[in-house]
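**Q** Please put together the full structure from these sequences, using the hints given.
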Amino acid sequence: MKNVLRHPLTIALAALSLPVCSLEAISDREMAGVSGQAFITIDASSYSGGSGEWAGDYEFTKVNLGLDIETLLTVDELKVGEFERTVGENGTVPKTDENGNPIIENGVAVAHDADLIIQNFGLGRVTNYQDAVNADIEEFRIRDPYIELAYKIEGGVRKIAGVRIGFSEARGWLSGDLISLTGNLNGRIEGPASIVYEQNCDSAFDSFQCFELSIAGETQLVSTIDLVDGALGTAGYSYGAGPETNEDGEVQNPDSPYLNESYLKRASWAGVPAGRSFAAPGEALEFIIPALTGSENCEVTGTPACFPLTNFQSVYIGNESVSLEDGGGATGAFISLQTTSVPWKDLSGVEGADRVLTQRGAFLNLAKFESDNGVQYPLNLDLFSATNGTPREATCVGRLKGC
Amino acid sequence: MMKLLNLMTLALCVISYSANADLQALDDSELSSATGEGLGFAIEDFILDTETSELAVTGIRSSAGDDIDIKWTKLYVMGEGSQSGTIKTPGQIGSYNHPYVIRSVRGSGGLDPSDPSYDARYANIGNDLALLEFATDSYSSSLQNSETFGTFSYYQGCIWGEPGCDNLSDVGSNGVAVQDIEAEIQVLTDTRDQIAATYAIHLAPLESSIELYYTSDIVPLETKVQAEQQDYDQAVAELLVRQDDMSDAFDFFDQNFPDNDCQVGQECSNADANCPLFGGASCRDARDAYNVEFGEYDEQVGVRQDEYNQLILARKDLDGAKTDPNKFTAANGSYIEAVENVEEFRVLCGVETNEFATCGEGLIARKGRTRDGVRDVSLALFNGGQRRGGLDIGASFEFVVDAVDANGTSSQRTDYIDINMKGLFVDGTSLRLWSAPDEEGVDEINAEIRLNLFIKELDISVCDPFVCGADPVAKEASTLNLDNLFISLNLGYGETQPMRLSATSDGNFQFELTKLRPGPDVDQNDQNSMQAFYDGYYENSPKSFISISDVRIGSGPDASLGRTTVDGLRAQYLKVTSRDL
Chain A
1 MKNVLRHPLT IALAALSLPV CSLEAISDRE MAGVSGQAFI TIDASSYSGG
51 SGEWAGDYEF TKVNLGLDIE TLLTVDELKV GEFERTVGEN GTVPKTDENG
101 NPIIENGVAV AHDADLIIQN FGLGRVTNYQ DAVNADIEEF RIRDPYIELA
151 YKIEGGVRKI AGVRIGFSEA RGWLSGDLIS LTGNLNGRIE GPASIVYEQN
201 CDSAFDSFQC FELSIAGETQ LVSTIDLVDG ALGTAGYSYG AGPETNEDGE
251 VQNPDSPYLN ESYLKRASWA GVPAGRSFAA PGEALEFIIP ALTGSENCEV
301 TGTPACFPLT NFQSVYIGNE SVSLEDGGGA TGAFISLQTT SVPWKDLSGV
351 EGADRVLTQR GAFLNLAKFE SDNGVQYPLN LDLFSATNGT PREATCVGRL
401 KGC
Chain B
1 MMKLLNLMTL ALCVISYSAN ADLQALDDSE LSSATGEGLG FAIEDFILDT
51 ETSELAVTGI RSSAGDDIDI KWTKLYVMGE GSQSGTIKTP GQIGSYNHPY
101 VIRSVRGSGG LDPSDPSYDA RYANIGNDLA LLEFATDSYS SSLQNSETFG
151 TFSYYQGCIW GEPGCDNLSD VGSNGVAVQD IEAEIQVLTD TRDQIAATYA
201 IHLAPLESSI ELYYTSDIVP LETKVQAEQQ DYDQAVAELL VRQDDMSDAF
251 DFFDQNFPDN DCQVGQECSN ADANCPLFGG ASCRDARDAY NVEFGEYDEQ
301 VGVRQDEYNQ LILARKDLDG AKTDPNKFTA ANGSYIEAVE NVEEFRVLCG
351 VETNEFATCG EGLIARKGRT RDGVRDVSLA LFNGGQRRGG LDIGASFEFV
401 VDAVDANGTS SQRTDYIDIN MKGLFVDGTS LRLWSAPDEE GVDEINAEIR
451 LNLFIKELDI SVCDPFVCGA DPVAKEASTL NLDNLFISLN LGYGETQPMR
501 LSATSDGNFQ FELTKLRPGP DVDQNDQNSM QAFYDGYYEN SPKSFISISD
551 VRIGSGPDAS LGRTTVDGLR AQYLKVTSRD L
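Those protein sequences? They're chains A and B, same order as listed.
Under the numbering used here, the first residue of the first sequence is numbered 1, with each subsequent residue one higher.
Under the numbering used here, the first residue of the second sequence is numbered 1, with each subsequent residue one higher.
Hints are not guaranteed to be accurate.
Claimed, not checked - Keeping only pairs whose Cα atoms sit at most 30 Å apart, straight-line, the calculated DSS-like set for lysine-lysine is: (1) B/Lys-224 <-> B/Lys-88; (2) B/Lys-575 <-> A/Lys-62; (3) B/Lys-224 <-> A/Lys-62; (4) A/Lys-345 <-> B/Lys-316.
To be verified - Label pairs and their computed distance ranges (CB to CB): (5) B/Val-442 <-> A/Asn-134: 48 to 56 Å; (6) A/Thr-245 <-> B/Val-57: 16 to 24 Å; (7) A/Ser-323 <-> B/Glu-444: 26 to 34 Å; (8) A/Asn-134 <-> B/Glu-444: 53 to 61 Å; (9) A/Gly-56 <-> B/Gly-65: 29 to 37 Å; (10) A/Leu-259 <-> B/Ile-185: 37 to 45 Å; (11) A/Gly-56 <-> B/Thr-358: 56 to 64 Å; (12) B/Gln-194 <-> A/Arg-355: 39 to 47 Å; (13) B/Asp-526 <-> A/Asn-90: 30 to 38 Å; (14) A/Arg-355 <-> B/Asp-67: 24 to 32 Å; (15) B/Asp-233 <-> A/Val-375: 21 to 29 Å; (16) A/Glu-296 <-> B/Glu-343: 31 to 39 Å; (17) B/Gly-441 <-> A/Gly-389: 44 to 52 Å; (18) A/Ser-321 <-> B/Thr-358: 44 to 52 Å.
Think of the hints as simulated: they come from the structure by calculation, not from any bench.
Ideal Cβ placement from N, Cα and C applies to all residues, glycine included.
**A** Next up, the structure:
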């Protein structure tokens with residue numbers, strides 16, 4: 001038997017617990033009934049149901065920390081995964097200027113230099129920020145953060161495949177200049193059909209689409225937003241990752257160079273990807289709307305459908321109208337770094353969600369999640385304000401950012 | 001018998017930190033004015049190696065409540081170059097000239113900087129308070145200072161001194177690291193120049209124009225949008241009520257007279273109603289009642305449309321006021337561009353400057369200081385400077401866990417984690433403790449931490465030692481390497497934002513970086529005074545940094561995940577409370 005008691009660590013720990021006042025000994029029976037605060041748990045799991053590059057045997061170890069965190073936190077610049085990527089490979093999109101023109105260096109389009117670049121990052125916000133006397137902090141709240149390691153077994157050798165940091169629940173304002181994103185940023189855009197009509201039609205007789213849109217009037221249109229390639233004049237322009245299918249399962253974006261990618265790398269634009277349509281669930285014109293509102297070349301029937309990520313200065317993580325205690329927190333958000341392809345368990349709670357498929361590099365998951373009020377999105381826009389973006393929530397007193 | 005603590009040589013040098021020998025008694029008056037000069041110490045030629053002994057860690061469970069057996073199977077602390085603890089290399093913890101220190105000092109808050117007792121390090125803690133400080137070794141030389149050397153290593157991109165990273169042509173005043181950070185600064189400077197070139201007027205008048213325009217043009221339009229939004233919301237709410245009334249009326253009509261051809265949401269004509277010519281009075285009454293409800297609904301549709309049109313118009317007006325360059329006439333470009341440019345300029349150049357021509361204490365200045373430190377290190381290396389050795393620290397653990405597969409089936413497995421840190425330094429680290437009353441006037445321990453941790457190489461292996469122990473190639477290929485990991489963690493800022501550790505009434509621990517607390521010299525009802533207080537905090541309270549120059553596994557072409565950095569992190573407020581999972 002090992003002489004555990006004589007281990008120096010034991011001695012050190014024992015020294016730390018030396019009595020300092022009149023403590024009384026407790027019996028072995030009493031001692032047996034004592035348990036420590038269970039704010040740390042460790043869960044292990046395995047997965048081998050993947051296909052393609054996610055096939056194989058994976059093991060995971062997740063360390064859960066039972067912590068409630070409230071904070072107002074800022075970071076000048078967050079840069080993760082700064083390594084070489086080639087535009088067009090593995091879903092890497094070209095870097096663009098603010099107007100969507102691709103940046104060309106030595107005759108070729110280049111990508112951003114890191115998978116995640118967020119400047120003036122902030123969690124939480126300052127209310128009344130221009131009033132130094134009455135300014136106050138509205139905290140970003142995190143419940144039960146965790147850190148998880150992924151291992152891949154290859155040839156009997158176990159190696160670290162990735163690490164992710166996430167939260168069981170999170171709620172509050174997340175701000176930043178989103179320069180380069182790799183991963184998922186899910187949003188929802190909606191508004192009346194009249195917006196599309198007014199922006200593109202002088203009269204109902206301009207075209208068949210204008211005629212139909214004039215009839216649609218106040219019909220509420222809804223679509224979802226993802227990262228897209230916003231580089232004008234390139235093969236991938238306006239496309240998102242993966243196939244877009246209609247209700248019959250027919251692929252609507254067969255020419256997309258990102259058809260077989262699970263997500264875009266180093267994207268700086270978001271919008272309604274080419275091939276995706278608006279829907280009008282529950283409305284009388286439900287079956288006509290998709291045909292009228294297919295996204296193509298970053299437009300939906302003439303209305304802009306792609307926006308620079310820097311337009312979205314602040315997004316609300318979770319449900320703003322429901323408290324964290326009442327289930328208003330977002331689930332499934334995480335940031336990860338992989339040395340190879342890793343199928344992380346999807347913790348969003350959305351029905352049917354199983355695995356988040358990630359590849360080598362960094363990954364930020366700001367995806368839709370399930371709450372008491374149904375599926376929620378971190379980015380919510382209306383058709384009118386989408387082009388203007390969402391303004392920055394202040395993270396300093398006296399200025400919006402940069403403190 | 002096992003060796004538990006293998007101290008080849010333990011020389012504990014206790015150094016009277018600033019006093020010499022020949023101690024003499026102090027009288028009471030001398031004693032009352034004395035501040036503790038502290039105790040300096042160093043441990044030379046130190047080795048800790050647990051060799052084959054083990055420690056069992058208990059009390060950790062899975063979410064399902066199952067106990068997890070954890071064995072701590074290895075721990076060593078040695079000098080740099082120990083080859084993961086296999087070669088017993090003595091390490092140094094401090095030295096005679098750079099000892100670790102424990103001391104008690106008075107705060108310097110309220111003292112004039114010319115006062116002999118003044119020390120800038122304690123300027124944020126009042127002179128009426130005594131604080132206890134534990135500090136590691138510290139160095140004024142940029143080469144020996146791990147903060148500057150760690151930053152240099154991040155920009156250099158490799159572990160200096162290792163094969164392939166020891167070429168003197170890569171260092172010097174224009175070395176790789178210097179060029180890299182210069183390029184970073186150049187991007188920031190270009191942005192600043194671009195903003196400055198956009199405006200013919202100075203920064204201060206531009207800000208005044210923005211404020212004036214906001215008050216005179218934006219606020220009324222925002223108010224208008226809010227009012228129109230309210231009108232629209234009310235119109236929608238009324239529409240929904242009338243829609244329900246119309247549906248109820250139609251349901252009544254439709255259920256009692258199912259022969260009709262009418263549609264809800266449309267007027268029901270005589271012909272479509274199909275009411276019997278004789279004895280159809282109740283049918284016609286029901287149809288009429290529906291038509292009345294439809295009429296009211298239809299009327300409200302028009303009202304909603306009007307409100308909607310007005311809302312859109314108001315939003316367009318607001319949007320135009322923000323984005324139309326012809327409406328904001330004070331300067332080039334639109335109002336929103338001016339706001340964004342001023343914000344960006346303040347980020348780059350700080351808040352104290354009033355003109356675009358000067359750049360104060362902003363990001364550019366901070367990066368400039370970082371560049372100076374990087375250049376000092378690069379030059380010192382070029383000139384043959386040598387850096388002292390650090391410590392090698394390693395630990396190994398074994399976890400026996402119940403692993404759950406995708407089908408929910410549980411099976412036992414053993415996880416292994418082997419951590420080896422090569423070249424670890426903590427110089428410039430300090431912990432300061434003092435007692436002060438909290439908001440309720442109860443004395444409690446306040447603290448401030450400055451942690452500098454630099455590790456040249458951190459290796460983490462999870463391979464089963466029975467597999468990889470005999471196959472170093474397989475182990476190397478499966479080991480995660482973090483190069484030049486540097487953590488500069490600054491928690492707490494004197495009495496303005498102390499760090500507290502306490503317990504809640506239900507027994508959980510609580511760690512807090514308090515909200516900012518203006519001192520008695522700040523008039524909390526005065527805007528200028530409060531803004532100056534916040535600006536002072538933003539400018540002077542140290543930020544935190546985390547950087548890694550390379551993350552990689554193995555050595556293949558796709559092995560590297562490159563650099564990672566968290567630059568300029570600051571918690572203006574943080575409260576962490578534990579809770580049972």
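**Q** Hint by hint, which ones does this structure get wrong, listed from lowest number up?
**A** 1, 3, 4, 5, 6, 8 and 13
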